[in-house]
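> Each chain is listed here by its residues.
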Amino acid sequence: SAVISQKPSRDICQRGTSLTIQCQVDSQVTMMFWYRQQPGQSLTLIATANQGSEATYESGFVIDKFPISRPNLTFSTLTVSNMSPEDSSIYLCSAPPLAGATDTQYFGPGTRLTVL
Amino acid sequence: QKEVEQDPGPLSVPEGAIVSLNCTYSNSAFQYFMWYRQYSRKGPELLMYTYSSGNKEDGRFTAQVDKSSKYISLFIRDSQPSDSATYLCAMSARDDKIIFGKGTRLHILP
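As given, the protein sequences belong to chains A and B, one line each in that order.
Residue numbers for the first sequence follow our numbering, beginning at 1 and rising by one.
Residue numbers for the second sequence follow our numbering, beginning at 117 and rising by one.
Just so you know, these hints were derived from the structure itself, not from any lab.
Mixed in with the good hints there might be a few duds.
List time: in silico BS3-like cross-link candidates among lysine-lysine, alpha-carbon distance up to 25 Å [stated by the list, open to error]:
hint	chain 1	residue 1	chain 2	residue 2
1	B	Lys-158	B	Lys-218
2	B	Lys-158	A	Lys-7
3	B	Lys-118	B	Lys-186
4	A	Lys-65	B	Lys-172
5	B	Lys-183	B	Lys-172
6	B	Lys-213	B	Lys-186
Use the sequences and the hints to build the structure in full.
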């Protein structure tokens, strides 16, 4: 199974600022995923990040608000831009256990974001 | 109707009891079924993974999938206080994104 780490683990930010979350996987994976988990809600997929191509965003999420980088097969970043209190949430990255596998995912520990 | 329905709980049971958690779904194309455990302030941890219908057992955990009823279950035998967590069901169709339930909060009472 993949071991996934995220930085920062938590942050408190001011309205209007941006935060970049880093995700590191201990093995090479083709796809990485970014999720948002709001209190009392299920995990919501923000986007899929493939190495070497632009991220694919889900309905309701746009690149200007959540720009994603995927510079290599083990690393990705998600930026939450121009933050508002509604962006307060846990942000999680995930990756499949094997390169090319698509039917399940392992998760990082999450980044708990509070926007004041 | 939401694609995946899961009772949020909380569910409180005494230590040693058998716990039954379940989810219903509407998309008949789902083939892959998962259960994740999430402790407070941690990321979800994959517990069980099942393909199509049937049962799968791993230690004290048993996952059941009934595709005809669009119903999946997770059973925990001899429950322990350390099993107290939120349990999320998840499922996907082939080459498609994973859809998660909202999670059921479980409390095992010593």
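> Each hint should be assessed against the structure and marked as holding or not.
Checked hints:
Of the pairs offered as hints, the one joining Lys-158 of chain B and Lys-218 of chain B holds, with about 16 Å between alpha carbons and a cut-off of 25 Å not exceeded. At roughly 13 Å between alpha-carbon atoms, Lys-158 of chain B and Lys-7 of chain A fall within 25 Å of each other, so this suggested pair holds. Between Lys-118 of chain B and Lys-186 of chain B the alpha-carbon distance is near 13 Å, which keeps this suggested pair within the 25 Å criterion. Distance restraint check for Lys-65 of chain A and Lys-172 of chain B: the Cα-Cα separation of roughly 41 Å exceeds the 25 Å cut-off, and the hinted pair is therefore not satisfied.
Taking the CA atoms of Lys-183 of chain B and Lys-172 of chain B, the gap is near 14 Å; set against the 25 Å cutoff, the hint holds. For the suggested pair Lys-213 of chain B and Lys-186 of chain B, the alpha carbons sit about 18 Å apart, so the restraint of at most 25 Å is met.
Consistency note: the structure conflicts with earlier hint 4 alone.
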